[in-house]
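Engineer: Just so you know, the protein sequences line up as chains A and B, in that order.
Each step along the first sequence adds one to the number in the working numbering, with nothing skipped, and position 226 is 206.
Each step along the second sequence adds one to the number in the working numbering, with nothing skipped, and position 164 is 144.
Calculated directly from the structure, the hints in this document are not laboratory data.
It cannot be assumed that every hint is accurate.
As the list makes no split between identical chains, a pair holds if one copy fits it or if it spans any two.
[As the list claims (entries may be wrong)] Under the rule of at most 27 Å between Cα atoms (straight-line distance), these lysine-lysine pairs were calculated in the DSS-like manner:
no.	residue 1	residue 2
1	K308	K332
2	K217	K30
3	K24	K308
4	K72	K306
5	K136	K72
6	K30	K299
7	K30	K306
8	K217	K136
9	K311	K72
10	K(-10)	K311
11	K306	K186
12	K136	K24
13	K306	K136
14	K14	K306
15	K72	K308
16	K332	K(-10)
17	K72	K299
18	K332	K205
19	K(-10)	K24
20	K186	K14
21	K186	K(-10)
22	K186	K264
23	K186	K311
24	K(-10)	K217
Protein chains: 2
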Amino acid sequence: MSMDSLAEDKIFVGWDALTALETFLQEEVPQNAKIILLTDHTVKQHCLGKLFGSNQRLHDARIYEIPEGESAKTFHQAYDLCRHLLSDGIEKDTLLINLGGGVVCDLGGFVASIYKRGLGFIHIPTTLLAQVDAAIGGKTAVNLDTYKNQIGTFAKPAGVFVYPLFLNSLNERQIRAGFAEIIKIALIADQALWHLIRQYDFPALKTISFEGLLWSRMIRDSIGKKLEIVRQDPFEKHYRKGLNFGHTVGHAVETYSLQHDRDPLLHGEAVAAGMICETYLSWKHNLISQPERDEVIGYLSGMFDHYPIAGETHDEMLKIMQADKKNKGGKICFVLLDGMGRFQTDVSFDPKIIFESLSYYNSLQA
Amino acid sequence: MSMDSLAEDKIFVGWDALTALETFLQEEVPQNAKIILLTDHTVKQHCLGKLFGSNQRLHDARIYEIPEGESAKTFHQAYDLCRHLLSDGIEKDTLLINLGGGVVCDLGGFVASIYKRGLGFIHIPTTLLAQVDAAIGGKTAVNLDTYKNQIGTFAKPAGVFVYPLFLNSLNERQIRAGFAEIIKIALIADQALWHLIRQYDFPALKTISFEGLLWSRMIRDSIGKKLEIVRQDPFEKHYRKGLNFGHTVGHAVETYSLQHDRDPLLHGEAVAAGMICETYLSWKHNLISQPERDEVIGYLSGMFDHYPIAGETHDEMLKIMQADKKNKGGKICFVLLDGMGRFQTDVSFDPKIIFESLSYYNSLQA
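Work out the full structure: start from the sequences and follow the hints.
Structural biologist: Shown next, in the form of structure tokens:
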């Protein structure tokens, strides 16, 4: 897999992304500028050595470690990090490197965008989810209590360095969860990618090396397609909303799980459930045929474990959806598939239809 | 005084600014969009009636009241407001109106810029300081503990409506403090304005009606000159730093006072002390002549009460300056006058010269 800069956005994908990082640090970061590296414990264990090996400048970086998992992505964590930066005397000419998954990239990007009105920052995403989604597109976020991504900014990283071999540090569950975002982008915007990926079930996928061409292509195509959408509407006024396919119900399922489960769903797992419900809604709205519906739902329900959302949870799910950022005029707005590889935004439904889609999902349990 | 739109920035200054507001609300804000009005108790008492009188749409606005004064401009207050917005079901198509002084505009702008990655917002500044400075230029901010404006964003309001008659609600101290920012802009960028204002001492100024031409000209010229500077460098990479004249020492004095005084200095009062120190440094650096130094310092020390900063406070002042946002490479960077009506940025000094300027200021006490 060769290194590839996705032009203006300074996104480097491939086995030599770390060489690109080294060049970036030498050429774009003044010699006397400080570097802060934000990460979590597991990522530090698995990825820091590799990073240090190829980058002399990083040896002097100060390392900030945050707790692992979604529960660290809070306003209070952002506040603590800002205080930490201030007490370490960190000035505006500092570079913040976010090394980790979606939580590290979202939170670190947010902190960088508000501390002294903006530090320079780069992402080195280490999970599949972060590589194809969270680190791409210039959004930052923290959660507000248990409501996902309600606080955030639009802020573009100075560079994103996607090194697929970091994915070797992931467990199966994390890979599968990240894969949900690749499926999403294929469904809304890339029929060729969809035809490619649906040839693989998960047992097949996980035997394929991250160094091989298949992963290379899937990661690069997902990033490229996401960037195409983002460039048309960077501040999500209209078209970019399409990227939220599966996320209206998905965020509700994820939030519900964070509130109730000891071992909550990962973001991608919840989005997979959300995509099933919203594919059902797309069919219900006559935007896709029944065979298309069954093809998509068959693939998703084959790949992801079922998460029970019984009838008594539906009112709570609806309440969470009512806080969704895309809503307008008091209505929950969905992104729907409009045929394969296309989408429609801002479609709202009567709550009873939304409940129907949740019940449909729940009935899929074997 | 006639209404005047400062073109692209949608800033309306004058006695018919409230008419402009009414037009704005009718034409730019969808009929079904909610309106939130952020203010504090005193402003609500003095200004809300006038505002309601001219704007039918505002009668349905939800009013959020924050505590008065600088101590409300915190990260936690921003968090509380975000939670409040979320629990009120506020969506992205809502307009936030910041009605108040610098605290309301800075805090409200910050909240609007991060809640769901950005609500539309407008400023209706009601203090002189907010009218000529805080509401102009697209900066938002909250303090980090007692360190001023360490957290914030660049976010442009959809409109700023400057209605000088609101200034009738201010006490003398507030008017004088706001006037410090007019003096600042005159010193760094507008010799004609400086020649105008130095004809007036404070007893003279306060007898002049806010409806008259003098205030109209001073407010409009200050805003216009600030916008000129901001447009050249909106994200404060270089030239815009000039607007921080007086603010390096000024923020330190203000922070010190917030930490130690029961009735702390107002921002403008601290900036006046800061401008005296930094005018002294400008002379020390051979950028202005002794007569120019004495002209500026004579005017400032005649207009503002002296605030004692004895030698034992200087180490603490220096420590606060070391957290200043403009610093680079570990050095405190000052803006200095470079002749009258011009400035230089990024000048650093040995701490002993900084202490000398503080001692000089302190020696001015009659």
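Engineer: Does each hint fit the structure? Answer for all of them.
Structural biologist: Cross-check of the supplied hints:
1. K308 - K332: Within one copy, since 19 Å is at most 27 Å while 58 Å is not.
2. K217 - K30: neither (39 Å within a copy, 34 Å between copies)
3. K24 - K308: neither (41 Å within a copy, 29 Å between copies)
4. K72 - K306: The answer is between: 7 Å across copies meets 27 Å, while 33 Å in one copy does not.
5. K136 - K72: Classified as both; 16 Å inside a copy, 21 Å across copies.
6. K30 - K299: For K30 and K299, neither the intra-copy (44 Å) nor the inter-copy (38 Å) Cα distance is at most 27 Å.
7. K30 - K306: Neither way: K30 and K306 sit 40 Å apart in one copy and 35 Å across, limit 27 Å.
8. K217 - K136: Both: 17 Å inside a chain and 16 Å across chains, each within 27 Å.
9. K311 - K72: between (41 Å within a copy, 12 Å between copies)
10. K(-10) - K311: Classified as neither; 37 Å inside a copy, 31 Å across copies.
11. K306 - K186: Close neither inside one copy (34 Å) nor across copies (50 Å); limit 27 Å.
12. K136 - K24: Within one copy, since 24 Å is at most 27 Å while 38 Å is not.
13. K306 - K136: both (21 Å within a copy, 21 Å between copies)
14. K14 - K306: Close across copies (15 Å), not inside one copy (38 Å); limit 27 Å.
15. K72 - K308: between (37 Å within a copy, 7 Å between copies)
16. K332 - K(-10): For K332 and K(-10), the Cα distance exceeds 27 Å both inside one copy (45 Å) and across copies (44 Å).
17. K72 - K299: Between copies, since 17 Å is at most 27 Å while 41 Å is not.
18. K332 - K205: Neither: 34 Å inside a chain and 57 Å across chains, both beyond 27 Å.
19. K(-10) - K24: within (24 Å within a copy, 48 Å between copies)
20. K186 - K14: neither (39 Å within a copy, 49 Å between copies)
21. K186 - K(-10): Answer is neither: 29 Å inside a copy and 56 Å across each miss the 27 Å cutoff.
22. K186 - K264: neither (34 Å within a copy, 70 Å between copies)
23. K186 - K311: neither (40 Å within a copy, 52 Å between copies)
24. K(-10) - K217: This pair counts as both: shortest intra-copy Cα distance 24 Å, inter-copy 21 Å.
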